[in-house]
Amino acid sequence: MWYYAKGKEHVGPLPNDELAALIRSGAVNAATLVWNEDMPNWARLSEVPSLLELVPKRPPPLPGSRPVPPVVATSTSKDVPQLQDVPLAGPWIRFFARCLDIWLATIVVTLSLGVVLTLYFPSAMLALNGTNEQVLGLVLLPLIMILLALFAASFGNTVGKAIFGIKVRNLTDRGSLVYFLKREMRVWTEGLAIGIPFIALFTQGSQFRKVSAGQPASYDVGRGRVEARPTSAFRKLLGVLTLVALVGGYVSFILYSEEQGRQDLQSFSWRNPITQKTTLFAGVWHPKDIEAKGGDLFYFSADSLLTEALFGHEKLGASGIDPQAYATAIQQAISENFTVATDWQPVTVRGRPALRAYGSSRTDASVDFQVTIAIDGEDAWRTLVFARGRKVDDTPLGRAFVEAAFSSI
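Under the numbering used here, read the sequence shown as residues 1 to 409, first letter to last.
If you're looking for bench data, these hints aren't it; they were derived computationally from the structure.
Only true hints are included.
Restricting the straight-line Cα-Cα distance to at most 25 Å, the calculated cross-link-like pairs of lysine-lysine (DSS-like) are:
| hint | residue 1 | residue 2 |
| --- | --- | --- |
| 1 | K210 | K236 |
| 2 | K288 | K315 |
| 3 | K167 | K236 |
| 4 | K6 | K167 |
| 5 | K293 | K315 |
| 6 | K210 | K167 |
| 7 | K391 | K288 |
| 8 | K293 | K277 |
| 9 | K277 | K288 |
| 10 | K277 | K315 |
| 11 | K182 | K6 |
| 12 | K167 | K182 |
| 13 | K210 | K182 |
Now the in silico label distances, taken between C-beta atoms and shown as ranges:
| hint | residue 1 | residue 2 | range |
| --- | --- | --- | --- |
| 14 | T328 | T110 | 41 to 51 Å |
| 15 | A127 | I199 | 20 to 30 Å |
| 16 | P273 | L111 | 31 to 41 Å |
| 17 | G195 | T348 | 45 to 55 Å |
None of these values were measured; they are calculated from a predicted model.
Backbone N, C-alpha and C define an ideal beta-carbon position, used for all residues, glycine too.
Produce the entire structure from the sequences given, and follow the hints as far as they go.
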């Protein structure tokens with residue numbers, strides 16, 4: 001099957017007889033660029049002996065007439081020679097450009113997705129937090145492909161390719177976005193094997209050998225041409241250093257996350273400023289200062305769990321206050337922002353009688369909360385635990401927080 005260049009695009013695939021008919025009709029001439037799978041690169045038809053024989057011969061000049069000057073064949077379009085004038089990019093420069101593009105796209109997709117899910121779909125964010133890295137990679141892959149295709153279609157190139165001085169030329173009739181979307185899918189399947197270990201070594205090795213031999217990668221045959229544009233050594237060095245920095249940053253982040261995970265599993269001691277008693281909270285909780293309008297209020301956050309908690313104290317000034325009456329007062333105090341959806345139920349926390357109710361945020365339906373109150377003489381104590389994307393009782397360590405807080409009374 002044959003392809004021939006027409007302007008900046010290519011036409012094909014064509015069987016031998018169709019190409020021969022075009023040659024005989026003059027639509028394809030000796031200067032037209034042609035290519036088939038047995039050729040390492042595009043070549044002029046005049047350089048392909050099997051096709052040159054099909055070019056109509058000009059008759060010799062009539063006897064006695066002035067010689068007809070030889071006709072130097074020219075391209076049917078001024079743009080066609082550019083298919084050959086710009087050299088193909090080598091395998092290593094393409095490898096570094098692709099790596100840089102993947103890393104940059106992964107960072108953009110991960111951060112954007114994290115913000116969107118945390119704000120609008122917290123339950124999905126919590127599900128992703130517990131997902132295996134390989135599975136998470138497959139989930140992010142379509143978004144990475146779409147981002148790279150959108151960038152290439154909008155700006156004519158991706159950041160990594162631009163830095164390393166290479167550019168993909170579209171040789172098809174398809175629109176830019178459709179072309180780059182399909183190319184990304186072919187690159188990830190035929191070239192990178194969707195990142196599957198061991199199999200990816202074979203697919204990348206096969207493409208490496210083809211590109212090293214001056215041939216297009218299998219996913220670009222008849223569709224695209226990856227060209228190497230002149231670029232400075234400084235830009236290439238900048239690209240390599242950027243790639244090294246991204247990899248180093250990722251490794252540092254993984255090490256930090258592992259250390260943070262170990263700390264979250266450990267407990268820390270916290271002293272109740274009111275009673276001076278100490279208690280142990282799970283390391284995932286981080287105490288922070290907060291101002292309270294009345295009484296004392298202590299704030300704790302567990303960002304990785306999308307959970308927050310408040311531990312409050314109030315001096316009543318008299319003993320014998322009815323817990324139900326105090327619970328009703330608390331319910332009214334928070335009614336502007338929260339709705340208590342259940343009745344107050346008696347519970348026992350660390351051997352103390354208490355009342356507990358559940359509700360949700362008025363401004364964010366994804367926020368569920370639990371409030372627990374207990375009265376000890378003239379002192380009233382309360383905890384409020386807020387969870388995004390799930391019920392408080394389904395939150396790891398949520399119940400343990402209440403137990404730990406009340407143990408300091």
